[in-house]
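A.B. asks: All chains should be modelled from the sequences, with the hints used to inform the complete structure.
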Amino acid sequence: MEKESLKFVIVGHVDHGKSTLIGRLLFDTDSLPPDKIEEVEKASKGVGRKLEFAFLMDHLQEEREQGVTIDTTQTFFKSPKREYVIIDAPGHIEFVKNMITGASQAEAGLLIVDVNQGVAEQTKRHAYILAMLGLYQVVVILNKMDLVNFSEKRFRRVKQEVEKFLRTIDITPYFYIPISATKGDNVAGKSKNIPWHKGPTVLESLDSLKNRLPAENKPLIFPVQDVYRINGKRITVGRIEAGSIRQGQEIKILPSGQMTRVKSIEKFCEENIDRGDSGESIGITTQEPVFLDRGDVLCEPGKEPFLTDTFGANLFWMLKEDFGKKERITLRCTTQEISCRVTEIKKRINSSSLQVIEKDAGILRNLEVGEVMIKTKRPIAVKTFNDLAELGRFVLVKGNNICAGGIITTIISGRRFP
Amino acid sequence: MDHITKLENQTIFIIREAYRQFKNVAMLWSIGKDSTTALWLIRKAFYGKIPFPIMHLDTGYKFKEIYEFRGKYAKEWNLNLIVAKNKEAMNKGMSPEKGRFKCCTELKTNNLKKAIAKYGFRALYLAIRRDEHGIRAKERIFSPRDEDFEWDYKNQPPELWDQYKTKAKDEEHLRIHPLLGWTELNVWQYIKRENIPIVSLYFAKNGKRYRSIGCETCCNPVDSDADTIDKIVEELKISKVSERSGRAQDKESAYMMQKLRALGYM
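If you read the sequences in order, they're chains A and B. Each residue of the first sequence is one higher than the one before, counting from 768 in this note's numbering. Each residue of the second sequence is one higher than the one before, counting from 127 in this note's numbering.
By construction, these hints were calculated from the structure, which means they are not laboratory data. Since the structure is predicted, the reported quantities are computational estimates derived from the model, not experimental observations. Hints are not guaranteed to be accurate.
[To be verified] Derived pair list, reagent style SDA-like, types lysine to any residue, alpha-carbon separation capped at 20 Å:
#1 A:812 / A:799
#2 B:240 / B:194
#3 A:845 / B:311
#4 B:280 / A:1168
#5 B:280 / A:799
#6 A:1142 / A:1129
C.D. replies: Structure, rendered in structure tokens:
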């Protein structure tokens, strides 16, 4: 069987070299088809440049002409050790929601900093977003070493600056790597220009990252996606978010609290399946004819998540319009969907400087983080993000669009069923 | 869980999410390897009883093998098949000689527009993949198109933690991309594992095979001796030629694909 591939995102301030680093990685690991290089050479020539590595990822005409990444991209490459999915994220403030889209799918993050410029606005904001998304596998890349004559002193100074900030958000990077993405130093091969660096190259550092573990050793969480009627059978379908489910097992349905047993586990053209594991999209039938619908959460009696209508969360607002406290908005957590209100904005925080803009605020603005209290219309099944990410994170939907991401930090009036 | 199994489960999850929100949905089946794989997964998601139509955008220029395959499996898999043709443009003799951009726009994009208007579909499943083309790499899994079919690629909705844009204005439709995260190699590995039937054009004959198929007029085979799925998998592990190198519409000009897609092309 094929090994698991690892997904990592490259983040950092605009122009610090994210797309260039990816281009260099692909080029130096011989991962590019010749016709692709040809296409990029041609496009680079069109804007008066020789070979613009960034064009390998920046495919939109506007991106190439303006030299800026607009939207997130994913590309594939492999080292001798394993396969990777690289997620490129835009560094411009205008496109932070695209950066979050990209980063939310990653298992690790490379934070790139221009050593000539030092820590900048999006360096901090992106680092904060990584922390908020629970991405603690971080490698810091100090790029453009060629512009500072490969100076160790300069490297140490910027490293210190980055370290200081990351400490405040509890990120301890695995490595700090001095590189030049345009020249190729310490990307796929060791640099002769930086003999004082004893740590790994970018490629070596990637091989040391680990896949995110599935939540298989935790109690069962099976949010219902839909119910199908197939050949006279009512099949309840969904994806197991944590734990496992076995045929004959007793299960509890939240929020109703009803109990039943799993009669069968259903997959197309497979019979007598005795268990399903976390990450699997399956269907089940139940022994009792209980009514199940999307948004119900099936769990293990005695090991239920909290059922609550009030919890504390960190909210990242990403819509140009302000968000007003007490405004009714839709919350989605797994397949649960419910109307809610933010009853309190304890702190309004600048997501780059992390400075508190206002305490007990009435609104949240675009790209601000709020420490908030949320009250849902009816109780829903949740856990804190640290307990189980899948049930501890949610989005807010306004009109037709997702406009905020949030993670649950504290659960107030939660109750567990006896 | 190995990588292919992970992709399979994720794809089934996406397929079910989309159908839950949009009952008036269809799947675009080009009868190539990707959409046939997607169709296979759709059959799995709905236990063999697909609750919506499967639509083939027929330009009239497809390979005869494609038509044979369509007939055989539409029957075997009991598909509710819609064959959509832009008859008006076909009657006027639209062909690649009149310009590829124009031909693709008429026989594919405008064909699709007419079909959507006729059947009122709110969402479409499409088997595009990120690794096929730099423009497709920029896509979302749930990707809105406005009433003019335009893709607002500069302002795409956020997508995080498997929460998608599942609501849309009445005049919009959504493109659902359940195979977006698969690579060409993943698709073949899955075809092998599941023993999915595939059009014979993909297998080498006389030193040539097609890596990507569409209209006979605009596809070229690549040099290859891979005449079995195993050999194709091996070939792809070492090949450096890009998949769509035989597809003319990607080559016409640097941004032709972007322009086609912005207008509603797949």
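A.B. asks: Now tell me, hint by hint, if it's right for this structure.
C.D. replies: So, going through the hints one by one against the coordinates:
1. A:812 / A:799: holds, 19 Å
2. B:240 / B:194: violated, 25 Å
3. A:845 / B:311: holds, 13 Å
4. B:280 / A:1168: holds, 15 Å
5. B:280 / A:799: violated, 26 Å
6. A:1142 / A:1129: holds, 16 Å
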